[in-house]
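As they're listed, the protein sequences go chains A and B. Our numbering puts the first residue of the first sequence at 1, with every later residue one more than the last. Our numbering puts the first residue of the second sequence at 1, with every later residue one more than the last.
It should be emphasised that the hints constitute simulated quantities derived from the structure, not laboratory data. All values derive from a computational prediction rather than experimental measurement. Cβ coordinates follow ideal geometry from the N, Cα and C atoms, glycine included. Keep in mind that the hints are not guaranteed to be accurate.
Stated by the list, open to error - Chain A regions said to be covered by chain B (calculated; three or more residues, Cβ under 8 Å): (1) 44-50; (2) 101-108.
As the list claims (entries may be wrong) - Interface residues of chain A toward chain B, partial, derived using beta-carbon atoms under 7 Å: (3) Y32; (4) T34; (5) Y87; (6) L89; (7) R98.
What the hints assert, rightly or not - The following label-pair restraints were derived from C-beta to C-beta distances: (8) A/P40 to B/G16: 43 to 51 Å; (9) A/T53 to B/V97: 22 to 30 Å; (10) A/T109 to B/N71: 39 to 47 Å; (11) A/G15 to B/L67: 45 to 53 Å.
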Amino acid sequence: LAKTTQPISMDSYEGQEVNITCSHNNIATNDYITWYQQFPSQGPRFIIQGYKTKVTNEVASLFIPADRKSSTLSLPRVSLSDTAVYYCLVVFSSGSARQLTFGSGTQLTVLP
Amino acid sequence: ETGVTQSPTHLIKTRGQQVTLRCSSQSGHNTVSWYQQALGQGPQFIFQYYREEENGRGNFPPRFSGLQFPNYSSELNVNALELDDSALYLCASSPAVSSYEQYFGPGTRLTVT
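Just chain A, with the same shape it has in the complex:
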């Protein structure tokens, strides 16, 4: 059964590092794992994507273990403006059928 699991919510203080994990069994072996940020009344915004090990860009890092059954988004030194819902996006495939699947989302609240 194609399923992703994320914590429903997390609180953090400004300046702290935040790690959000998404569990995803049996994802397609040849597709990226991607993370998005969504503010109310807006479409999701791309943060980062990776295939394996560690990827870093100017706003986040993504850690993916060798078995690819989970991924962890790391946000360094969060600020109030990082308060948003964060989603992982993975691909489940069955034969030639591909399903892009968003996680249930994690509401991150950054406190002053």
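Take the given structure of chain A and dock chain B to it, following the hints.
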């Protein structure tokens, strides 16, 4: 560079009617995906189009159908609307079918009464 645009912004329809939603992809992007997002939930994948062909589909009934045009713009058609179809419909484009670096439009809010 123009981002992803969607029309209309809001729409109210009656149960049983049909609706067409439109999406213009970002310049240079050949892949378009459509998602349904109910209030308080994550986006649910409807389908993806790559070079005018359907390239993947989520668990949505056949009354959800789509098209992609030679300029890579796209339409989502929903027939026989049901109350549960009320949601935000998001379109996203990406520069390659192998990339999930998608750029989302602002969405179309559909209300079915």
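Do the hints match the structure? See the list:
For a cut-off of 8 Å, the count of residues in the stretch 44-50 of chain A with a CB near a CB of chain B stands at 4, and the three-residue condition holds. Beta-carbon proximity to chain B at under 8 Å applies to 5 residues in the stretch 101-108 of chain A; the threshold of 3 is reached and the given coverage holds. At a threshold of 7 Å, the smallest CB-CB gap from A/Y32 to chain B is about 5 Å, leaving the interface hint in force. Below 7 Å, beta-carbon pairs count as interface contacts, and A/T34 has one with chain B at about 4 Å; its hint therefore holds.
The closest approach between the C-beta of A/Y87 and any C-beta of chain B is roughly 6 Å, which is under the 7 Å cut-off, so the hint is satisfied. Hint status for A/L89: holds, given a least beta-carbon distance of 6 Å to chain B, under 7 Å. Satisfaction of the interface hint for A/R98 is found here, the shortest Cβ-Cβ separation to chain B being roughly 4 Å, below the 7 Å cut-off. Here the CB-CB span from A/P40 to B/G16 is close to 31 Å, at odds with the stated 43 to 51 Å.
Taken as a hint, the range 22 to 30 Å holds for the pair A/T53 and B/V97, whose Cβ atoms sit roughly 23 Å apart. Restraint check, A/T109 to B/N71: a C-beta distance of roughly 41 Å satisfies the suggested window 39 to 47 Å. Between A/G15 and B/L67 the beta carbon distance is about 48 Å. The supplied range of 45 to 53 Å therefore holds.
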